[in-house]
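> Modelling step: build the complete structure from the supplied sequences, incorporating the hints.
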Amino acid sequence: MSKEPDWHTAIWRFIDRKLEPIVVFSLVGDCGYPGLVVEKDRVLMSYYSQHDVNQARNPSPGQIASDIYLAEIAV
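Heads up: the sequence shown begins at 155 in our numbering, then just goes up one per residue.
Hints in this document: simulated from the structure, not taken from any laboratory.
Some clues are possibly wrong.
What the hints assert, rightly or not - The calculated SDA-like cross-link candidates involving lysine to any residue, where the alpha carbons are at most 20 Å apart (straight line), are:
hint: 1; residue 1: K194; residue 2: A228
hint: 2; residue 1: K194; residue 2: V229
hint: 3; residue 1: K194; residue 2: I227
hint: 4; residue 1: K194; residue 2: I165
hint: 5; residue 1: K194; residue 2: H162
hint: 6; residue 1: K194; residue 2: I176
hint: 7; residue 1: K194; residue 2: P175
hint: 8; residue 1: K194; residue 2: R167
Said to hold, decoys possible - Distance ranges between label pairs, derived from CB positions:
hint: 9; residue 1: A219; residue 2: R171; range: 33 to 43 Å
hint: 10; residue 1: A219; residue 2: F168; range: 29 to 39 Å
hint: 11; residue 1: R171; residue 2: Y223; range: 26 to 36 Å
hint: 12; residue 1: D195; residue 2: A164; range: 12 to 22 Å
hint: 13; residue 1: I169; residue 2: E193; range: 14 to 24 Å
hint: 14; residue 1: K172; residue 2: A219; range: 37 to 47 Å
hint: 15; residue 1: L224; residue 2: E174; range: 35 to 45 Å
hint: 16; residue 1: E174; residue 2: L198; range: 14 to 24 Å
What you are looking at is a predicted structure, and each value in this text was computed from that prediction instead of being measured.
For each residue, glycine too, the CB sits at the ideal point set by N, CA and C.
Written as structure tokens, this is what we have:
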């Protein structure tokens with residue numbers, strides 16, 4: 155039996171040849187294609203997800219509306 159994949163979008167940093175997650179977004183359904191603006195002390199990230207508009211566990215892409223979000227992350 156195979157385990158269901160843990161889909162998510164994340165921001166990582168690369169330090170000493172290792173990747174470390176900074177922020178992990180728990181998204182549901184059709185999500186992704188983040189846009190990033192990197193500044194000295196923050197990252198702005200736009201992304202979309204169906205987690206606020208869907209009641210089912212695994213919505214079908216293209217069949218349920220998505221919302222667009224803008225996150226401000228201090229780094």
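> When you check the alpha-carbon spacing of K194 and H162, does it fall within 20 Å?
Between K194 and H162 the Cα gap is close to 25 Å, so the pair fails against 20 Å, i.e. violated.
> That 29 to 39 Å hint for A219 and F168 (C-beta), does it hold up?
holds, 35 Å
> K172 and A219, beta-carbon distance inside 37 to 47 Å?
With a Cβ separation near 38 Å, K172 and A219 satisfy 37 to 47 Å, so the hint holds.
> When you check the alpha-carbon spacing of K194 and R167, does it fall within 20 Å?
holds, 14 Å
> For the pair supplied as a hint, K194 and I165, is the alpha-carbon distance within the 20 Å limit?
holds, 15 Å
> Check the hint pairing K194 with I227 against an upper bound of 20 Å on the C-alpha distance.
holds, 11 Å
> Are the Cα positions of K194 and V229 separated by 20 Å at most?
Roughly 8 Å between the alpha carbons, so the hint for K194 and V229 holds.
> Range hint 14 to 24 Å: satisfied by the CB atoms of E174 and L198?
Because 20 Å falls inside the window, the suggested range holds.
> Tell me if the straight-line CA distance from K194 to P175 falls inside 20 Å.
holds, 18 Å
> Within 26 to 36 Å or not, the Cβ separation of R171 and Y223?
Since R171 and Y223 have Cβ atoms about 32 Å apart, the given range 26 to 36 Å holds.
> Cβ-Cβ distance between I169 and E193: within 14 to 24 Å?
holds, 19 Å
> Taking the beta carbons of D195 and A164, is their distance inside 12 to 22 Å?
holds, 20 Å
Hint compliance for this structure: hints 5 and 15 are broken, all remaining hints hold.
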